[in-house]
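Residue numbers (my numbering), protein chains in the order written: chain A, 1 to 252; chain B, 1 to 646.
All the given hints hold, so there is nothing to weed out.
Over 12 Å on every C-beta distance to chain A, these chain B residues come out as not near it, computed from the model: (1) K23; (2) I102; (3) K311.
Residues of chain B placed beyond 10 Å of chain A at every Cβ, according to the derived structure: (4) N14; (5) K222; (6) E544.
Result set (DSS-like, lysine-lysine): computed pairs, CA atoms no more than 30 Å apart in a straight line: (7) B:K543 <-> A:K55; (8) A:K52 <-> B:K516; (9) B:K554 <-> A:K54; (10) B:K392 <-> A:K12; (11) A:K54 <-> B:K222; (12) B:K639 <-> B:K23; (13) A:K55 <-> B:K505; (14) B:K502 <-> A:K12; (15) B:K554 <-> A:K12; (16) A:K52 <-> B:K497; (17) A:K153 <-> B:K372; (18) B:K605 <-> B:K646; (19) A:K55 <-> B:K554; (20) B:K222 <-> A:K52; (21) A:K22 <-> B:K554; (22) A:K202 <-> B:K191; (23) A:K98 <-> B:K400; (24) A:K54 <-> B:K489; (25) B:K502 <-> A:K52; (26) A:K98 <-> B:K392; (27) B:K188 <-> A:K202; (28) B:K188 <-> A:K203; (29) A:K214 <-> B:K188; (30) B:K620 <-> B:K543; (31) B:K40 <-> B:K188.
No lab work stands behind these hints: they were computed from the structure. Just so we're clear, the structure is a prediction, and the values are computed from it rather than from any experiment. Beta carbons: idealized from backbone N, C-alpha and C, even for Gly.
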Amino acid sequence: MSSTDLIKVHLKVWRQDGPQAKGFFEDYTLDEVNTHMSFLEMLDVLNERLMKDKKEPIEFDHDCREGICGSCNLVINGVPHGPEMLTAACQLHMRHFKDGETITIEPWRATAFPIIKDLVVDRNAFDRIMSAGGYISVSTGNAPDANAIPISKPDSDSAMDYAVCIGCGACVAACPNSSASLFTGAKVSQLSRLPQGAPERKKRVIAMVDQMEKEGFGDCSNFAECEAVCPVGISITAIANMRTEYVKAVLG
Amino acid sequence: MEVADKKYTFNWDNKIPTGPVEKKWSTHKNNIKLVNPSNKRKYNIIVVGTGLAGASAAASLGELGYNVKAFCIQDSARRAHSIAAQGGINAAKNYQNDGDSIWRLFYDTVKGGDYRSREANVYRLAEVSNSIIDQCVAQGVPFAREYGGTLTNRSFGGAQLSRTFYARGQTGQQLLLGAYSALMKSMKSGKVAVHTREEMLELVTVDGEAKGIISRNLVTGKINRHAADAVLLCTGGYGNVFYLSTNAKNSNVTAAWRCHRKGALFANPSFTQIHPTCIPVSGEYQSKLTLMSESLRNDGRVWVPKKVNDKRHPNEIPEDERDYYLERIYPSFGNLVPRDVASRNAKIVCDEGRGVGETGLAVYLDFRDAIKRDGEDAIRDRYGNLFDMYHKITDDNPYKLPMRIYPAVHYTMGGLWVDYNLMTTVPGLFALGEANFSDHGANRLGASALMQGLADGYFVIPYTIGNYLAETKPGQITTDHAAFDQVEKEITEEISKLLSIKGSKTILDFHRQLGKIMWDKVGMSRDEDGLKQAIAEIQALRKEFWTDVFVPGKAATYNKYLEYALRVADFLELGELMARDALERKESCGGHFRLESQTPEGEAKRDDENYSHVSAWEFKGKDAEPVEHREPLEFENVKLTQRSYK
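Chain B extracted, bound-state conformation (with noise of 0.2 Å):
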């Protein structure tokens, strides 16, 4: 690999494949190592976590002839938190006959990340869509179709397409669902043993390679040890460093934090999507944010008042003093401008004291011209469960009324740095979907998140990991081996610590306030004095929590307070190092906006010249600085141009 840059060497192959990005993937595959059938038994694969990546990756490796074993913290895998995907997931089948292609589906997702992600890995994610989309019709899952029997398209932010396939709103249920239900089929089998409500808390490593996990069962508190010959990380973001997110309340750092601290590098933490059409906050009892999917954006008119404090009623509010802001700016892509940049602009015209809603941190999504246009059933038929959802949130009738939506965070493109086969920087440790960070770049396209998830577990990994497996003698080592041992230890020793503190504040306390530190400072838009503080006070509060928390209960019980003290400390440490990694990156690219790199019209300006790169950095120490390398960004296929949706 090139050296970018004295101070930051790089030294790990990201194992691109050379020629043309149309055939990498192709030749890649031709020369992987493959690992004979009836050896494949011999080879034990942990999976940490149930989701599209997950559990498309443990059914398939299951297939396959490996023995698997997966985890997941909930009390079925499948109420992993892809569960609760709305809008759908993009592919380039150009049944619309609209002129889509892989190369478009491609280009799009290169220029949507604001051209921070590597081209290779993205043409291939495109390659591959087409066959989830079989895979999964196959499956049982029931997508929307024609009344001719095909099936049907939407268009989602970003795209001039139609490439979004959906099942009404609740598409990642339904590929969850037929995900889970081929992992039920490998479980019966006898090729996956799924061990629901089991937390990896450590990473075992055995000359530096990864060899196990130590995991706790959340029923019991026992703390258990697994050995195998290669783990894959598929445990999501890590947005509830935030606190408020639209993630699921038990999604967390953990797995990939212990992981990082083993070795593994972590790249673009600060990489956050705040995503632009969520439920507002209602008061300090909050305790998450409610999205409402982006295909919203389709029929639903984004507006507020023109005038600065205008307390009218939405529906007094006459049409000439109604400001569409995103229609007006942005004329071309309208409503549908990808999400950092509806996201930035929500912010801006709240900060102008135009804001709405009892709080002034919301805009108005309105459904009456469509409602006008299409009648009041098909938009039913289109949106009818979330507009039921945001009744029973809010109390108010979106029929009648325009929905409030503000930006939340809602998705993470940073997460451990994996090369081509998906490895991370630690051999046989492999991450996928929102775990790792490799499709997305600074901003990731709608529909895009299942997309990458169910490419990484049903046709990336069962290629991927013949090529490490191959060269690995299977069952080297055991759980009697001295490294669980140590492990164990430690982890024993911590739980014990956490119980031991009986401080005067709660978990939530400190979760709440790092959330405060991360969403005013790490958020939607960063400078540097505010980065700097953010670090000096994460810091401070971290002291705190191992000083001053109370942790209830016992080690072996069920507790779920417990967990999430665990997961809080690891969040502590994170949040520190997404402020660094804003800090270093000096330029604004997509959900990246530095306040001081931006265009004359307020847009995100890139620094191509000087920040064209992975930013992937290595754990040194709890306290110590950690050590950022960077690999740099070759771009051979699309032209690197200022994102423009105007």
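Pulled out of the complex, with its shape left as it was, chain A reads as follows (with noise of 0.2 Å):
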């Protein structure tokens, strides 16, 4: 390995002790970060060296480490899952920083995702709204065969590209409103293409819409933040199916 692949990063990561608990940024410098190390690695090296020297190392959200899980939930450098379009913060690797950088890495911030400790978060309400409708009510052994209704490719195609959303928040701390229309809408928007969710169509975009509000998300003003930092490329016409869903449901 040559010595222009390691470089040398500064952080400032944002500790908090708890939920109540004041939150600060504490610096860090990694003198000799591999640049083919993904960014979670990266904290996983510092993690070490914190409990090497008998200190508290920090907390962050991880799992697949494969951009499919939507755990990672990192702010870097001040955009949800950092510099990298289409890159979850663990895909993201640190050949994309420079020598000598400063980074900052701070959790999503929204009223709906309190924080736990450092930068993990509660992102329950997620569930909640897709408790509220985020389904198509067939029971175990009532399906019909599945050939038995064609869907054009198409639709389907159109009905998979909202259904990849991986729930991970981005839109969310990406908003200035902390909406989470993208979120819902892909949902509303996957299952609306498909005839399977036509029966409780009206009534799942008013329930996961309602849900949405009482959880403390705010509204949609269209600043399309969303789209620019989903990490698996929800498209914002997700947020205008919703809307149109949702007239359509109340009016009808």
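From these two lone chains plus the hints, build me the complex, please.
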């Protein structure tokens, strides 16, 4: 490994002992960061050093580290998931940072996502939105043959484009209003494109939108920051679809 | 049950129904005891884990009217590691008119598992596979479709038919979100309560029966008690014992291991699947390995240079100096040989010095010819997200350069021993999905894990649990029972002990060291000397862990490293059992390759005479030797042959 693959980075990391505690930025410097490391591996290395010094490591959420589970939730230099488009923080690599750069790391910030510790937040509000109506009510064993209802490839592909949401919450973190419209709109859009979703179409959108408001997420004002940071590229058309569905449901 | 050998008494009834294999499941369903609909609400069921098996089981049991409590360690049930499965899910629909049938899926799965699984369980799996696809489509899972609107399929390793359903490279995600949506629906109806960030740390038994669990709230650190009439373990596999694997960072064996210590036999613990197509290790800091779906082998060609130590750029190595070794050795299956065969061959060519990349521990997976044949757009349509992922991680463009891949630990076929009803040797404790051992033998075929998880959760446990509950009086044990006091005390002391050691090594130091022992000596090839060394080294490492580990922070807070320490402590016990199991099984089969047992061509050589059985291990104490029991495997339908993919 040549020395050009190593960079020095300064970190400003949000530390907060608990939900009620006052948070602050703590500074760290890592002298030799291999640029092939992932961002989370860089944090692992820092935590190892802290523990060797008998200090408390930085808490952050992570699990699959493949960009699919949606656990990681870091705001890096002010941008949810950091500087790379279509990339969750766990798939961001240190090659995208400069030697000597200062990197600020914060948790998602939104009223509906209270901080648990350091960079870890509570996202249970998303489960409650899903529970309000983000499903098709088919009990196990009730299904007809899978090919009984043909679905055109464009409709199916479009449903899939919305279904790939990983539920990370970057859309909320990026939104000046902390709106969850992209998240909710994606599920509404997926299910409204499929014939299976039709029977509950109206009920679903109303229940999910109501729950979203109850949870303390803000309204959408078309900033489109959500679309810009979404690690899986959910289009903001999801929100337009949700609004159309909502209006149709309320008026019809 | 017939006794296989005096030394290995097997006393447990596997409850496999009599009669022809095609009729066993329907006969069994007809004979299963039922719980009256109005009585179901009196029963409490705990489901641990919310992956495909757990979410589907919890939702289905809630729909039936039981009271269900579901637990997951993540902040949402949707994040369980099933979400990361890429390739697909098998079913015997025969939509392609290529001659598929339940029988063929059954046969391929038994053969793929190198004849170390139970015929009856596998047949049932194949039988319910079609209902899974129906169920998922009804839930709104957007499987890939043809322009005519019907579902499409692709082929996967170890099969000569197209029976794999998929949703781009995110099939696991879409299936899990389907099961999660069913779980959210049940949550709304009040029949299922979902406890997120809550980890099971112990099983509570009363008179040998499962009656509840002790869990830790991962946010507050509070130890909680939950009583139930049955406990379902849906906690996935234990590949992270190797430190580096394709499993999510938090995947662990703790819940299953604690059940094993409470009397559940652990079956075939050494049966580990090493997946051939993963992104190679890049450095010491590596925290996990990333799988590239096996589906890539449909179009990618695996090769290494013919010459040893050939450092040329791959695109500069001419055709006649490339060795497409899988196509050469296995002309009829080519790049689509089963995973164990593909992995072992990658290791062999790298051991010969023909590996590529900086470390020499990689082989090429080349799409050049597929792109030439079908065009870049077609390849992007099929694998776009996988190519993007590869590009993000390695900074190489796989449309222009062959991918570099190497095998990595991916799945564990072993798990808690279960009978045909999925009940372990602890009455009232069930194990579903990857957490049990029953369906994949010594090697799992691609696209069969998703099938098994959902089969167990949607279509098996809702029936078989009735058989146990119908004979169990509901709500007999409550959390004020002395058994809960005792177990809570033990776990609280264990946590205090870990925090008080304040040693000089980090948890990661131990985990990495354990992983290295496991990979080198209990990995892709195993021999007697290595396994004996592994056992001694793990024992020493375990002692060192309990005297020199540093666990930061406090018990009663969010403390991810404390969670991690508890999990590594259990991996340090499991690793030894895996080595013992591998040592005891002197044959090669599937993913278990004993250097002492190979054919002249270097393929795995089974010994059906002596090892056609399930090894089920009984825990005898932390530092006592475990006892092996053997359940003989009977093959009435599939003829045992030396597996050949040539």
